[in-house]
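Asks: These protein sequences, in sequence, are chains A, B, C, D, E and F.
The first sequence: position 211 = 216 (my numbering), numbered continuously.
The second sequence: position 35 = 40 (my numbering), numbered continuously.
The third sequence: position 175 = 180 (my numbering), numbered continuously.
The fourth sequence: position 30 = 35 (my numbering), numbered continuously.
The fifth sequence: position 217 = 222 (my numbering), numbered continuously.
The sixth sequence: position 119 = 124 (my numbering), numbered continuously.
The hints are simulated quantities; they were obtained by calculation from the structure and are not laboratory data.
Quick caveat, the model's predicted, so the values are computed rather than measured.
One or more hints might be untrue.
For chains that are exact copies, the list does not tell them apart, and a pair is met inside one copy or across any two.
[Claimed, not checked] With a Cα cut of at most 30 Å, we get these calculated DSBU-like pairs of lysine-lysine:
1. Lys72 with Lys22
2. Lys35 with Lys68
3. Lys242 with Lys35
4. Lys22 with Lys35
5. Lys22 with Lys237
6. Lys68 with Lys22
7. Lys72 with Lys35
6 protein chains.
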Amino acid sequence: MPHTIDAALAEALETLKEVSTNTLTTQLYKRGMSSMFINGVHPLSPGAGRLVGLAYTLRFLPKREDKMAAVSNSSPDYPQRRAVAECPPDYVLVIDARGEATTATLGDILMTGLQARGCAGVVTDGAMRDTEAMVALDYPIFCAGAAAKNSHITHYASELDVPVACGGAAVFPGDVIVGDADGVVVFPPEMAVELATQGAEQELLETFIQEHVAAGAPVAGSYPPNDETRAKYEDWKRLRQT
Amino acid sequence: MPHTIDAALAEALETLKEVSTNTLTTQLYKRGMSSMFINGVHPLSPGAGRLVGLAYTLRFLPKREDKMAAVSNSSPDYPQRRAVAECPPDYVLVIDARGEATTATLGDILMTGLQARGCAGVVTDGAMRDTEAMVALDYPIFCAGAAAKNSHITHYASELDVPVACGGAAVFPGDVIVGDADGVVVFPPEMAVELATQGAEQELLETFIQEHVAAGAPVAGSYPPNDETRAKYEDWKRLRQT
Amino acid sequence: MPHTIDAALAEALETLKEVSTNTLTTQLYKRGMSSMFINGVHPLSPGAGRLVGLAYTLRFLPKREDKMAAVSNSSPDYPQRRAVAECPPDYVLVIDARGEATTATLGDILMTGLQARGCAGVVTDGAMRDTEAMVALDYPIFCAGAAAKNSHITHYASELDVPVACGGAAVFPGDVIVGDADGVVVFPPEMAVELATQGAEQELLETFIQEHVAAGAPVAGSYPPNDETRAKYEDWKRLRQT
Amino acid sequence: MPHTIDAALAEALETLKEVSTNTLTTQLYKRGMSSMFINGVHPLSPGAGRLVGLAYTLRFLPKREDKMAAVSNSSPDYPQRRAVAECPPDYVLVIDARGEATTATLGDILMTGLQARGCAGVVTDGAMRDTEAMVALDYPIFCAGAAAKNSHITHYASELDVPVACGGAAVFPGDVIVGDADGVVVFPPEMAVELATQGAEQELLETFIQEHVAAGAPVAGSYPPNDETRAKYEDWKRLRQT
Amino acid sequence: MPHTIDAALAEALETLKEVSTNTLTTQLYKRGMSSMFINGVHPLSPGAGRLVGLAYTLRFLPKREDKMAAVSNSSPDYPQRRAVAECPPDYVLVIDARGEATTATLGDILMTGLQARGCAGVVTDGAMRDTEAMVALDYPIFCAGAAAKNSHITHYASELDVPVACGGAAVFPGDVIVGDADGVVVFPPEMAVELATQGAEQELLETFIQEHVAAGAPVAGSYPPNDETRAKYEDWKRLRQT
Amino acid sequence: MPHTIDAALAEALETLKEVSTNTLTTQLYKRGMSSMFINGVHPLSPGAGRLVGLAYTLRFLPKREDKMAAVSNSSPDYPQRRAVAECPPDYVLVIDARGEATTATLGDILMTGLQARGCAGVVTDGAMRDTEAMVALDYPIFCAGAAAKNSHITHYASELDVPVACGGAAVFPGDVIVGDADGVVVFPPEMAVELATQGAEQELLETFIQEHVAAGAPVAGSYPPNDETRAKYEDWKRLRQT
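Just chain A, same shape as in the assembly:
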């Protein structure tokens, strides 16, 4: 039973499409939270745009021959298949593969199904297969690599919509997920509005500072900005808004 996305959260998610994972990691760090980054995952097709949505989870356990004899892995009741059918629109499917990068978690047909249903994207600390076809989907897919081995060789899909571990981070159903070229960050939805607002402001300031430094200003005094730099920034921001 996923969270409802109310208007404020929807707006925050929209704003987060412009906020980098670096900025969010920094904002979380300032609040004493250092464990909110999924390690070792990267966008399969860098041009497909940033990933933003709430987490819907699928948990893979190591394969168990006795359990797998009891359920066909292509049955609509198998949790992997249910994940593709039940992950709500605007949600991100987060798959716990225990960091096993030599085995795929999904192929292109199931991925197409998620995209067709309006899901926001996928993150896994495992691999993907049919990656050539997946790149063609132009869809935000974050994973630890490509591998042809199907998930049944290694995994047993055990549960949906439960807390999972992914890339060394804990992900709870309904957490906010944001991904870009540097990886994927996760935080509770209660923080979305605040992080979106302060993150967007930090982004703007850093855009100004980077231009400033590129133009020859020394880093000291610019980053973090002293009073003089900050005044220049306010001018730049005013100009930009008009």
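Mind docking chains B, C, D, E and F on chain A? Use the hints.
Replies: For chains B, C, D, E and F alone, coordinates are given in the frame of chain A:
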């Protein structure tokens, strides 16, 4: 809600105290089950005897500062503490630590609590702390090593009595757990009677074969036994029983 | 002494150029074979096309100063050099580098020699050097990465045309090798005709299903196809063939 | 130039011989310090007693043939040899080996030299050689394993008495080092008196609690102690002191 | 206090822009130096050109909460910030991150500062953040990956301009650094003139040999060249120069 | 076809029983040989004595379901079984398990067969099973750990008496194998007499030096010995021989 241990299961568990993990792994392999071994765990105090019992599970996720602010890790409601209070007598506490061997999952006081309550032992793919004191408990503890770091530095105890991954194997609540010097094996309770019976028979046969080979018999013909060897075994067994 | 490629095998290899490693892995899995995938290797130049051919093998051992003093590593008799001269046309050179990704196994001149002689491509679980020049060759090269260190720093080329381990899979001389964006699959030549035929059929069906799902059909009923979907597929296939 | 050990520090070090690394890790964690534990090192001879002293450091870099040609590794000027000659009595030699467990950092003769000069012991995240002889020394040596390869095969001893990394922890010259069966903890000398006092008190309390729990008291209420348990502890302590 | 770059060294560095890391690794190997390659780093933006310069170093230790409380990580005095301000023009900033690829060492603003000041580029065995922006800088950046986590989560910047370990190689201040698609090589500045001259000659010869082999000449006799091939090369070189 | 052990070699092997792997590694290093040490293996039962003998090899490849269907793994023709039957007396069975420490290579019955036939011992970079029973054999067994999983779960025994890789070292049939608490060293039989003689001399000298240093002599001047120390050593040696 753990399984009830009925008389047949209780007797099988008793028999399994004499059956090695090698024998059980071989028996499982013959039945098409190759994924039932917990990798990388060993007995902390080799003299403490073999581990046999049903699985009661505790799942650690990567630490999450926001969740951990909401519950004291020394509160009786924290799942790690509940595991120590609620793991039933004759059950084995199986702790999923995601293979993190640089952090402890339990210390000696909590371990003493488990032992005092009659639990059968503990298995984790994480580490233990206070291991000098733990060795003195003379209790079947299987882990991936010793480390002083407390679990809160790395983990968040999220759930009890759910399926877990441990050392590359899936463990379900109520599974049979058997451990010795070679590590820990897991299988569903429905198989306990059959594996106990056939495992004990295999043990006896191999005891005979090893004596036979040690006395100079060639391996071929002895292992696996041909008709002649098997006849000698039957004689040996008859003699032994009288 | 490599296998002869007869007409049936040649045709199967041609067909396999259109069959993905995912499809082949799935077909092998259905036949009880889960160990036929080379882990951790990827195409150096993704645009260079799919890799298909029979295996000709080179085995690297860890370097041994005493053995290496006895043979110049640039002599035509050194097995690495012989591999480049003797790998037959249409064969794939498979190099066992024990997964050592920080050292190269070949450079661009030797690679050019293989390409000029009509060899089908190269696979190694080690690295390549001169990779910029190799990418320019537009040749199917699968490896675990790029590294400037020459092979003599780490390896001793010991044997040709023997069974090898590569990326966790056993490869026997004459095995069929197929590689694409997801990695490399290996199977015995006796299976080539059957896998080519059934693989091509599976590819066609999955192409249809993916279009179907992209157009909004639910995954359940489409994949695997129920009778209705299968009937639609037969229509689609008929239309496509005309 | 190592720190002087004044009377208060000397007394604290004496007290710390009775405080476990678990207790110290917990005390440090309560003060917001989670990075003070050296991962993956264990006592070579468990019976040799606990390790307590201040850090004197030796830093190994990866070997560099040009630098190593300029200095004989058996010269008294080579930093590894200087470490053995210059590490002050009551100091612990902490060796940064970048976690390389397949190569030794010291052999038994140099170790004997350190022991003969009254040094408190050795810690390294690398290996030791001549470990059979070292065990016979009955000396507190903490390392990541045993290996016959001499340090020159892998390392270049570059500097003494500088900050180092060891087992994932930063160690500064003069830091307090404490080691037992669970590994090695490090903290600044300014904290020694406070940690010794509060650590010893925590040890005593936990000794009481463990006895209490072993006698059947439930963990909840005992650990952490509620008012009733704490009152019993005070009685027990009073009795014990008389 | 970095080395001065005199005219001969400056000219050698210019020549080295045309010499590949493979050629340099081979030249070093011929001189008995096998440990001069930084493992596991690759160019962030392959189109940004080759990296050539002298080493200026920054050393990260594991984070230490007590040390980090004493200095703001955004203060101009923090060594990471000083590195960006003090790395001389035409020098390469080499960052020792102990191979930790899940944490960034620099972000785009600090990188922009280095580029604006005319530094030659950056190498680290850690990660970078803001990598999308960094790619846009078109600047020679070599790292082990992308990650959003800021350096303070994992590291403490301890020292500048000291010997460091990077990707398994020792790097001394003032060493020559050369990087291309195959990674990064390091050697002492005293060898620069000789390696530039002989490396450029080897490059030319290998260009000829590759064309020769691509045109169908067998590898044996061509590589290494026999008298006939060498004569052809001399002709080709003469022609080319006119 | 193993080497014959002539009288000189037999005497050298006898002498090598008193020479440590450290001494041998040092002697090999002095001769320019740094790659002769098997990493990560240790004696299963430290009291069982040192391992000395010539190498007889068994090579495991990754399992291949098609090959394994063709031969029973308990048939006398299966190479693992043949190894146990054919390894000559006084030879060491060296098993290449590709460093896979989660799977056993032999169990106690096959090990008993080797011991009964007078083989010198076993080395593998894989694991052993039935280790409790193996320890009771009091036999020189060197491995990477204990694990109950039988070899067929992971491996296919492919060849006997061929060059193998073991723990990062190349081992050729007939190589001398020496093992003690620090691991296992390997070298060609042509070097046996020289290494035995010089190794024994080095051992004696180091025994003297260690006593000397333990008695308070400074390391400088003692190790390596200057003229004065060497004179004392000659006296000590003379005394000792009488």
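Asks: One pair to classify: lysine 22 and lysine 237, alpha carbons no more than 30 Å apart. Within, between, both, or neither?
Replies: For lysine 22 and lysine 237, only the intra-copy Cα distance (26 Å) is at most 30 Å; the inter-copy one is 40 Å.
Asks: Is the C-alpha distance from lysine 72 to lysine 22 at most 30 Å within one copy, between copies, in both cases, or in neither?
Replies: Answer is between; shortest inter-copy Cα gap is 25 Å, intra-copy 41 Å.
Asks: Are the CA atoms of lysine 242 and lysine 35 at most 30 Å apart within a copy, between copies, both, or neither?
Replies: So lysine 242 and lysine 35 pass the 30 Å test inside one copy only (24 Å; across, 44 Å).
Asks: My question is about lysine 68 and lysine 22: at a cut-off of 30 Å on alpha-carbon distance, are they close within one copy, between copies, both, or neither?
Replies: Between copies only: 26 Å across, 37 Å inside.
Asks: For lysine 35 and lysine 68, with the copy left unspecified, which applies at a CA distance of at most 30 Å: within, between, both, or neither?
Replies: between (40 Å within a copy, 16 Å between copies)
Asks: With identical chains treated as interchangeable, where does the CA-CA distance between lysine 72 and lysine 35 reach 30 Å or less: within a copy, between copies, both, or neither?
Replies: between (45 Å within a copy, 17 Å between copies)
Asks: For lysine 22 and lysine 35, with the copy left unspecified, which applies at a CA distance of at most 30 Å: within, between, both, or neither?
Replies: This pair counts as within: shortest intra-copy Cα distance 21 Å, inter-copy 38 Å.
Consistency note: the structure conflicts with none of the earlier hints.
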